[in-house]
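Below, each chain spelled out in residue letters.
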Amino acid sequence: MAVTVRIPTPLRTLTGGADEVQAEGKTVGEVIDDLEAKHAGIKDRLIDDKGVRRFVNIYANDEDIRFLDNLATELKDGDSVAIIPAIAGG
Amino acid sequence: MRHRRIESIVDAVGGTPLVRLTCLADEAPGVAIYLKLEYANPGGSVKDRPALQMLKDAIADGRLTPDKTLIDATSGNTGVALSLYGAALGQRIALVMPPNVTKARKDIIAAFGTELIFSDPMEGSDGAIRHVRDLVAKDPDKYFYSDQYSNPSNPKAHYLGTGREILEQVGDRITHFVTGLGTSGTMMGTTRRLHEHDRPVRCIAIQPSEAMHGLEGLKHMASSLVPAIYDASVPDAHMTVETEDGWDMADRIAAEQGLHIGHSAGANIFGALEVAKEVSKNVGSGCVVTVACDRGDRYFAPMRWEARYEW
Numbered sequence: 001m002a003v004t005v006r007i008p009t010p011l012r013t014l015t016g017g018a019d020e021v022q023a024e025g026k027t028v029g030e031v032i033d034d035l036e037a038k039h040a041g042i043k044d045r046l047i048d049d050k051g052v053r054r055f056v057n058i059y060a061n062d063e064d065i066r067f068l069d070n071l072a073t074e075l076k077d078g079d080s081v082a083i084i085p086a087i088a089g090g
Numbered sequence: 001m002r003h004r005r006i007e008s009i010v011d012a013v014g015g016t017p018l019v020r021l022t023c024l025a026d027e028a029p030g031v032a033i034y035l036k037l038e039y040a041n042p043g044g045s046v047k048d049r050p051a052l053q054m055l056k057d058a059i060a061d062g063r064l065t066p067d068k069t070l071i072d073a074t075s076g077n078t079g080v081a082l083s084l085y086g087a088a089l090g091q092r093i094a095l096v097m098p099p100n101v102t103k104a105r106k107d108i109i110a111a112f113g114t115e116l117i118f119s120d121p122m123e124g125s126d127g128a129i130r131h132v133r134d135l136v137a138k139d140p141d142k143y144f145y146s147d148q149y150s151n152p153s154n155p156k157a158h159y160l161g162t163g164r165e166i167l168e169q170v171g172d173r174i175t176h177f178v179t180g181l182g183t184s185g186t187m188m189g190t191t192r193r194l195h196e197h198d199r200p201v202r203c204i205a206i207q208p209s210e211a212m213h214g215l216e217g218l219k220h221m222a223s224s225l226v227p228a229i230y231d232a233s234v235p236d237a238h239m240t241v242e243t244e245d246g247w248d249m250a251d252r253i254a255a256e257q258g259l260h261i262g263h264s265a266g267a268n269i270f271g272a273l274e275v276a277k278e279v280s281k282n283v284g285s286g287c288v289v290t291v292a293c294d295r296g297d298r299y300f301a302p303m304r305w306e307a308r309y310e311w
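Chains A and B, in that order, give the protein sequences.
Heads up: the first sequence at position 37 corresponds to 37 in our numbering, and the numbers run straight through without jumps.
Heads up: the second sequence at position 116 corresponds to 116 in our numbering, and the numbers run straight through without jumps.
Since the hints were derived computationally from the structure, they do not count as laboratory data.
Note that beta-carbon positions come from the ideal geometry of N, C-alpha and C, so glycine has one too.
Certain hints may be false.
Part of the chain A face toward chain B, derived, beta carbon under 8 Å [what the hints assert, rightly or not]:
1. Arg6
2. Pro8
3. Thr9
4. Leu11
5. Gly17
6. Asp19
7. Arg45
8. Arg54
9. Phe55
10. Ile84
Pulled from the structure, derived: some chain B residues nowhere near chain A, Cβ distances all over 10 Å [as the list claims (entries may be wrong)]:
11. Thr65
12. Asn100
13. Lys106
14. Glu115
15. Pro121
16. Leu135
17. His213
18. Ser223
Here chain A stands alone, though its shape is the one from the complex (with noise of 0.2 Å):
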């Protein structure tokens, strides 16, 4: 189950600079975890020990995934997950 995951630009220096990378997972926290496999990092920076950081907006196919099932929600093959940075400065 591949999905395309977005990445911003504060995560990029652990993606190698990638924008967008590619990850297996059946929910989006399997994807989670399938990139902390593979970009040792960014999990912490994405989740804590109770769920999504707060600060943190995960979007599964342009949804918030608060308003879905959380790190549970359901993913296919070619999905595209996309996580979105707070607005800094100014």
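On the provided structure of chain A, position chain B as indicated by the hints.
Chain B only, in chain A's frame:
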């Protein structure tokens, strides 16, 4: 000041209250912590000061004329302020922002007749800056780029206003000033004024602890386009604050003190309390001043039907 009869809303900027945070007193015995309530400005944030100063200075020296449109990149509060004072001064405004700004914020800005232009959401506020630069390069005669990140009028507003007012309000009592870095205008201008005071005032700058953070308005400098007005040598010290600590402090100050502040203000107070604890332990007495950049209601989560994301 706030009782005056005025000719224009522009005359109501500044002169904000300085309120003591009594709910934190037990955690730093002997040290008073004061919060400068910048949300009491007409536009609801600290950004009223630089926005008005940038407009006034550019009109005064002819960089901004009635046939030009002032354009800038903004995550919101500067946009609200530029829109408000642009309308008050009869000047057209255009703003570039990522589309993942809340609908309420876009509506506030649009209410003043401002043109909204959207940049790539994945690029955050730096993407908005690059987008403005492209637009201005293509049509330099149409636009005046106020560029809050490079405009000396931004720190000047705090040098002339915020810093002077703090000294009027606490005088020689102040020992420390703490505030977060966004454009860095508040830190640069206020600190320069406080450092001119005849008694030493130690000024401490706050940044988010990591690049991907939720302290809207603040910048993680190491991973950002560094503002031209920013000089890392101006503050006496630097510290970092976790997003969660800033958010929790904002909630606490609303519940315990009746001050419903935004997340960056929560981070400022968290930092101020850390400084106050150190001062309490090592010196025994002191006075720490920090800034409430804006009100918490600017950050209410979008409604279910607003949550759908459009690229």
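Consistency of the hints with the structure:
The interface hint given for A:Arg6 holds, since its Cβ lies 6 Å from the closest Cβ of chain B, which is under the 8 Å cut-off. Among the interface hints, the one on A:Pro8 holds; its C-beta lies about 5 Å from the nearest C-beta in chain B, closer than the 8 Å criterion. Hint on A:Thr9 holds. Least Cβ distance to chain B is approximately 6 Å, under the 8 Å limit. Because the closest C-beta pair between A:Leu11 and chain B is about 6 Å apart, less than 8 Å, the hint holds.
Annotation: interface hint on A:Gly17 violated; nearest CB of chain B at approximately 13 Å, more than 8 Å. Because the smallest distance between the Cβ of A:Asp19 and any Cβ of chain B comes to about 7 Å, under 8 Å, the interface hint for this residue holds. For the restraint placing A:Arg45 at the interface with chain B, the shortest Cβ-Cβ distance is roughly 5 Å, inside the 8 Å limit, so the hint holds. The beta carbon of A:Arg54 is positioned within 8 Å of a beta carbon in chain B (closest approach about 6 Å), and the interface hint is therefore held.
The beta carbon of A:Phe55 is positioned within 8 Å of a beta carbon in chain B (closest approach about 2 Å), and the interface hint is therefore held. Of the supplied interface hints, the one on A:Ile84 holds, with its beta-carbon coming within about 6 Å of a beta-carbon of chain B, less than 8 Å. Here B:Thr65 stays apart from chain A, with its beta-carbon at least about 24 Å from theirs, past the 10 Å limit. Distance check on B:Asn100: its Cβ comes as close as 6 Å (rounded) to a Cβ of chain A, failing to clear the 10 Å threshold; non-interface status is violated.
Distance check on B:Lys106: its Cβ is at least 12 Å (rounded) from any Cβ of chain A, clearing the 10 Å threshold; non-interface status holds. The Cβ of B:Glu115 lies farther than 10 Å from every Cβ of chain A, with a closest approach of about 18 Å, so its non-interface assignment holds. The Cβ of B:Pro121 does not lie farther than 10 Å from every Cβ of chain A; its closest approach is about 6 Å, which violates its non-interface assignment. Separation of B:Leu135 from chain A is adequate, the least Cβ-Cβ distance of about 17 Å exceeding the 10 Å criterion.
Once the 10 Å rule is applied to beta carbons, B:His213 is inconsistent with being away from chain A; the minimum gap is 6 Å. Distance to chain A contradicts B:Ser223 as a non-interface residue, since its nearest Cβ pair spans about 5 Å, not more than 10 Å.
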